Amino acid sequence: EDQVTQSPEALRLQEGESSSLNCSYTVSGLRGLFWYRQDPGKGPEFLFTLYSAGEEKEKERLKATLTKKESFLHITAPKPEDSATYLCAVRDSGNTPLVFGKGTRLSVIA
Amino acid sequence: NAGVTQTPKFQVLKTGQSMTLQCAQDMNHNSMYWYRQDPGMGLRLIYYSASEGTTDKGEVPNGYNVSRLNKREFSLRLESAAPSQTSVYFCATHRGGTEAFFGQGTRLTVV
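Quick mapping for you: the protein sequence lines, in order, are chains S and A.
Using my numbering, the letters of the first sequence map in sequence onto residues 55 to 164.
Using my numbering, the letters of the second sequence map in sequence onto residues 9 to 119.
Read the hints as simulated data drawn from the structure, not as lab findings.
Computed from a predicted structure; not experimentally measured.
A virtual CB, placed ideally from N, CA and C, is assigned to each residue, including glycine.
Some clues are possibly wrong.
Taking CB as the label site, the calculated pair distances span [unchecked claim]:
#, chain 1, residue 1, chain 2, residue 2, range
1, A, Glu67, S, Asp93, 23 to 31 Å
2, A, Thr23, S, Glu71, 44 to 52 Å
3, S, Asp93, A, Thr15, 18 to 26 Å
4, A, Gln112, S, Lys113, 39 to 47 Å
Only pairs whose alpha carbons sit at most 25 Å apart, straight line, appear in this in silico SDA-like list of lysine to any residue [claimed, not checked]:
#, chain 1, residue 1, chain 2, residue 2
5, S, Lys96, A, Pro69
6, A, Lys65, A, Ala90
7, S, Lys156, S, Gly86
8, S, Lys156, A, Gly104
9, S, Lys122, S, Tyr105
10, S, Lys122, A, Gly104
11, S, Lys96, A, Gly105
12, S, Lys111, A, Arg103
13, S, Lys156, A, Asn78
14, S, Lys117, S, Leu104
Work out the full structure: start from the sequences and follow the hints.
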């Protein structure tokens, strides 16, 4: 059974204080690891897809990395507008549904 | 380009009432999904449809039924609503192997 565990559950940062969110996963055959951002009252918004160990993707202050057991979402010099819940999901081999972790709730304080 | 559209956005039901949540996508994707999101539980899959004419149970299907009406539309029905079904419901779609796109959600309260 596919499993996704995100840590920490909640993270509070000062503006400019860089940090990382963790997503550890167990799948029989990874066909993609996905990061989403979710703002209160809205649906998840796609950020990145990673397919193989060693792959990295960047977007503004966010950088996602992937190993064979986990993924990290690095946030460099965050701003208050980066406050949101960040969700990690995996897809097993084949055309199967995404399995989500419970998310990390990030608060960036000015 | 609307993407994934869910209706209604908000709904309050009494215990035992029935209702159908509607989802439509204009992305020409084969796969569609229904998730529910509860505090501390993350997104849990209720039902999905890998292609028109097929549906499969997810992690939490009890109390729900679905219909894949055509390639664009995938509805979720609660036959007899219970307070435990109070949640935020999300519809999503994706093209095989790629990222999923989500609607804005339906916030359902059962009293």
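Tested hints:
1. Glu67/A to Asp93/S: 23 to 31 Å: holds (24 Å)
2. Thr23/A to Glu71/S: 44 to 52 Å: 47 Å Cβ-Cβ, so the 44 to 52 Å window holds.
3. Asp93/S to Thr15/A: 18 to 26 Å: Holds, at about 21 Å.
4. Gln112/A to Lys113/S: 39 to 47 Å: Given a distance of about 22 Å, which is not inside 39 to 47 Å, the answer is violated.
5. Lys96/S to Pro69/A: With a Cα-Cα distance of about 23 Å, the restraint between Lys96/S and Pro69/A holds, given a limit of 25 Å.
6. Lys65/A to Ala90/A: The hint holds at about 19 Å.
7. Lys156/S to Gly86/S: holds (18 Å)
8. Lys156/S to Gly104/A: Roughly 24 Å separates the two Cα atoms, so the pair holds.
9. Lys122/S to Tyr105/S: holds (10 Å)
10. Lys122/S to Gly104/A: Roughly 22 Å separates the two Cα atoms, so the pair holds.
11. Lys96/S to Gly105/A: holds (24 Å)
12. Lys111/S to Arg103/A: The given pair, whose Cα atoms are some 21 Å apart, holds under the 25 Å limit.
13. Lys156/S to Asn78/A: violated (31 Å)
14. Lys117/S to Leu104/S: Roughly 11 Å between the alpha carbons, so the hint for Lys117/S and Leu104/S holds.
In summary, the numbered hints that this structure violates are 4 and 13.
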